[in-house]
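Q: Here is what each chain is made of, one letter per residue.
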Amino acid sequence: MKRLLTMLAILLLAAAAAAQTFPARPITFTVPWSPGGGTDTTSRTLAAVLAQSLDVNVNVVNRTGGGGVVGHLALAQAPADGYTIGAITVEITMLPHIGQTTLSYVDYTPLGLMINNPSAVTVRADAPWDTLDELLDHIRANPGELQASGTSLGGIWDLARIGLLLEADIDPDAMPWVPSQGAAPAFQELLAGGVDVVTAALAEAASLLGAGEVKVLGVMAPNRVARFPDVPTLKELGYDWSIGGWAAVAAPAGLPDDVRATLADAIEAAMASDEFIEPLTAAGFTLQPMNADEFGTFIQEQHEVNGRLLEIAGVTEE
Amino acid sequence: MDRPRMTNLLFGLAFILAGTWVWFETRGFPTLRDGHPGPALFPGLLAIALATCGVALLLHAVVQPARLVAEFRTFSLQGHGLLRVLLVVLLGLLYPLFHRQIGFVPSSAALIFGVTVLLRAKWWLAAVVTVASTWGIYLAFTRLLGVPL
Amino acid sequence: MNELFTWQGLMALIGGGLYGAIFGSVPGLTATLAVALFIPIAFFLDPVLALPAIIAITAVAIYAGDVGSVVAKIPGTPASAAYVEELYEIARRRGAKYALGISAMGSMVGGLFGTVLLIFAATTLATVAKNFSSFEYFWIAILGLTAGIFASSGSSLKALISLLVGVLFSTVGIDPTLGYARFDFDSPNMLGGLNFIVAMIGLFGFSEVLQNVFARGTVERRRVPTTAGSKALAFFWEPILLMLRNKLLVLRSSLIGTFVGFLPGAGADIAAWVASSLQKLAGRRGEQDEEAEDRVVLAGTNSNNAAVASAWIPALSLGLPGDTTTAIVLGVFIMKGITPGPLLFEQQPGLVMALFGAFLVANVVLLPVFGFLTAYIAAYVVRIPVNLLLGVIAGICIVGAYAINNNPFDVAVMVLMGLFAFVLRMGDFPLAQVVLGMVLGPILEQSFMVSAIKSRWNLVAFFDRPIAIGLMLATVVLVAAGLRIKAQAAAAERLARLERSED
Chain C
840 MKRLLTMLAI
850 LLLAAAAAAQ
860 TFPARPITFT
870 VPWSPGGGTD
880 TTSRTLAAVL
890 AQSLDVNVNV
900 VNRTGGGGVV
910 GHLALAQAPA
920 DGYTIGAITV
930 EITMLPHIGQ
940 TTLSYVDYTP
950 LGLMINNPSA
960 VTVRADAPWD
970 TLDELLDHIR
980 ANPGELQASG
990 TSLGGIWDLA
1000 RIGLLLEADI
1010 DPDAMPWVPS
1020 QGAAPAFQEL
1030 LAGGVDVVTA
1040 ALAEAASLLG
1050 AGEVKVLGVM
1060 APNRVARFPD
1070 VPTLKELGYD
1080 WSIGGWAAVA
1090 APAGLPDDVR
1100 ATLADAIEAA
1110 MASDEFIEPL
1120 TAAGFTLQPM
1130 NADEFGTFIQ
1140 EQHEVNGRLL
1150 EIAGVTEE
Chain X
2 MDRPRMTNLL
12 FGLAFILAGT
22 WVWFETRGFP
32 TLRDGHPGPA
42 LFPGLLAIAL
52 ATCGVALLLH
62 AVVQPARLVA
72 EFRTFSLQGH
82 GLLRVLLVVL
92 LGLLYPLFHR
102 QIGFVPSSAA
112 LIFGVTVLLR
122 AKWWLAAVVT
132 VASTWGIYLA
142 FTRLLGVPL
Chain E
2 MNELFTWQGL
12 MALIGGGLYG
22 AIFGSVPGLT
32 ATLAVALFIP
42 IAFFLDPVLA
52 LPAIIAITAV
62 AIYAGDVGSV
72 VAKIPGTPAS
82 AAYVEELYEI
92 ARRRGAKYAL
102 GISAMGSMVG
112 GLFGTVLLIF
122 AATTLATVAK
132 NFSSFEYFWI
142 AILGLTAGIF
152 ASSGSSLKAL
162 ISLLVGVLFS
172 TVGIDPTLGY
182 ARFDFDSPNM
192 LGGLNFIVAM
202 IGLFGFSEVL
212 QNVFARGTVE
222 RRRVPTTAGS
232 KALAFFWEPI
242 LLMLRNKLLV
252 LRSSLIGTFV
262 GFLPGAGADI
272 AAWVASSLQK
282 LAGRRGEQDE
292 EAEDRVVLAG
302 TNSNNAAVAS
312 AWIPALSLGL
322 PGDTTTAIVL
332 GVFIMKGITP
342 GPLLFEQQPG
352 LVMALFGAFL
362 VANVVLLPVF
372 GFLTAYIAAY
382 VVRIPVNLLL
392 GVIAGICIVG
402 AYAINNNPFD
412 VAVMVLMGLF
422 AFVLRMGDFP
432 LAQVVLGMVL
442 GPILEQSFMV
452 SAIKSRWNLV
462 AFFDRPIAIG
472 LMLATVVLVA
482 AGLRIKAQAA
492 AAERLARLER
502 SED
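Protein chains in written order, with our numbering: chain C, 840 to 1157; chain X, 2 to 150; chain E, 2 to 504.
This is chain C alone, in the form it adopts within the complex (with noise of 0.2 angstroms):
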């Protein structure tokens, strides 16, 4: 009796220290899209590097479906004690208006913003404008006659244009969107003459842009893209308007204070350090790295924007 005492005794000290020293076992970070993908290649990339600092593994387990829900779902129903912790996108701020979650930013604990890849405003080479004046302009004087693309109505590129054009001061029908799964079908509509402006990401542009196939009038981001230089922000251009798809690192809501303070400091180390930033760079993507607060705030902004956006573009559930 005593023995056994004595090993319960030590099994709970055992227990408690290795609640103390948190992670004590692999973490796994769930991702809500599919291998390969932007969300996918940044959360592999920054689950590497958390790995080593916090020195368990952390295993990447794509959970897709659903335009995304399925995914963030798992991640909002998961238990909050830090060992799943996951990606989640633009869509969570966009999806609750339209009625197809009940989820929203509350339902998770926010940990640091990875990526953010602006918007740009795309046209064919041999498009009659040469800056986004002369292509407004057009819209202002031929209300209707353009059409833009970029992915699904209401999706984040199609908010893009919306932002855009009542920047502008254009009634945003003026220019309405044709709906595509996507940026890659967006494009190949642009260069077959079936749409006349995309709005995806200046990364999803880039390879079209280099083979001489488009031009970019301008990127919807607060500074200069590092990787195109010579691409003007709509800053620059005078319209202060800017918008991107964002992947962010977050955990389950009501994260014990003490292991969410060790994940974002984790994080927030992990994003600073060069096998972060120059695979991502390399890759094409607009790194923004936020820590958990600035996070926290951001998303809540995001959530706000985005519902008066979708509410101009029509999908909103009444």
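Check before you lean on any hint, since a few could be wrong.
When the alpha-carbon atoms are kept at most 16 angstroms apart in a straight line, the in silico EDC-like pairs for lysine to aspartate or glutamate are as follows [claimed, not checked]: (1) C:Lys-1054 <-> C:Asp-969; (2) E:Lys-131 <-> C:Asp-965; (3) E:Lys-337 <-> C:Glu-1117.
Facing chain E, from chain X, some residues (calculated, C-beta under 7 angstroms) [said to hold, decoys possible]: (4) Leu-51; (5) Gly-82; (6) Val-90; (7) Ser-109; (8) Phe-142.
Selected chain X positions facing chain E (in silico; Cβ < 8 angstroms) [stated by the list, open to error]: (9) Gly-39; (10) Cys-54; (11) Val-86; (12) Pro-97; (13) Leu-112; (14) Ile-113; (15) Val-116; (16) Arg-121; (17) Ala-122; (18) Val-130; (19) Thr-135.
For the record, the hints were derived by calculation from the structure and aren't laboratory data.
From the three backbone atoms N, C-alpha and C, an ideal C-beta is built for every residue, glycine too.
Given chain C's structure and the hints, the job is docking chains X and E onto it.
A: Then chains X and E, alone, in the frame of chain C:
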């Protein structure tokens, strides 16, 4: 009424019902902002087409000349066969329904053992195959291919 | 080119081929997944090594999709589904080695054909690809669906119903115009729709298990024929003789593969369906002989590997990714600071040569070698008693369905699809058409809705672009030929019956 004719009749009815259900379901979908049909257009058209094909199948079954019957691969519907099928389906649903409680290894072992025994393998041979293949699949997918099970 | 023939280059090619053979053979693992999992490694490799490895993975994985058809009647890709019945039948009659021999050697020739066009006509073909807008995609999807109706050996009405059911399955989830969730039963798992690979594993794999469990004892014992003569001969030489006897067929199928191959996402699938369906129609017309099935498989396998090479044309010369694999390839380009486009051929001749070289080696060396290896293994696997093999297949169906999205919900979809297929089989409905419908459904709806919105519902726009009209005419010709041949076959059969009854 002979069996192939009966089968066509039942399938015809089933597709008419399915088409009708889809049609009424699509009536609740929203339209585009300019009033053109949007999400409802495609499933709606498909529902009409499916129901029409159902009617065609039904007519075909009624007016079908007896000599075309030979085209069919006929099944004998013994009751036990259907029970076995149902059992395998339930074993297959073990993993999606109870993966949190029992995990991959027991649920897939149950399925493999069930299928082999139902196909009249000797129980000890079925057990050997079950253990070996579950273990093999588990190792191959988790270790070699990096699929977390 | 020289970089390719260092030992690292050869290792990259061989490693890629082996990796592709494994991923292609296992149901649920696809060429796309294989390439995606390879990216972290591609980060650190020289592009002259990384890109050839990717080429080797895709070329071999697409062929290996046929291994499942031979072993268990589970096609690995929707393209393989076009001729799964025939391939399985050949394997039963003449052994796995000959069946996979047709597949591998046919893939080799198709792949070579596509590669040659890629080398000599990339920029010319790119201008054609550039003109593909939603109107052209719409007609190409219609062409593929039409091929599906006439590809069936049984009743065309039933084939049409199977197709409609497949297209209807594809409308589950978020709609392409408004993002409205259709038939989702309030489950987040249904929002993204039903995955066609998951469905395929259920429709073919699990339903086969159910079928056998249902009719145990009455199911024919699978006899494995011991092929006369050398086994290597059955794999290498006999398929080559077959192709030599059918040169025109090979040419036609490879051309179809190359020209339909640019279509993002489904190019290879549509190509295989159109080519093998044409061959089935042609076969029904002439005298039935022993090789009818062999020719159908040959047509399908020729065209789908030709399409693998032509999918690279828009990527290399326009910077436009044709499918997930080429999107990843463009990612590698960007990472390494390489610019795709017409200038690529002038600025990076070394890299371009390495790519072409990799295509040649992958098709001429890797396909036969890994093809023979997989066929060798498959020939042993089919000797396992059916009842034990089916148990293992049931287990693989579960993991295969799960592996695609790591979502247990998909396993439930797979099992229920298996049950659905079991019911459909009772009514003699073809299953491959359901898969074709699920693959082409989204392209059809998306391209129709986009075209309609773009042209502001002026439907005349569907008929006033040259390539669109060409594709439409091709569809009309296919329908006319199909109806005529079906009618002739029916008349011949009536006549035969009449004669028999008079006897």
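Q: Please list, smallest to largest, the hint numbers that this structure does not respect.
A: none
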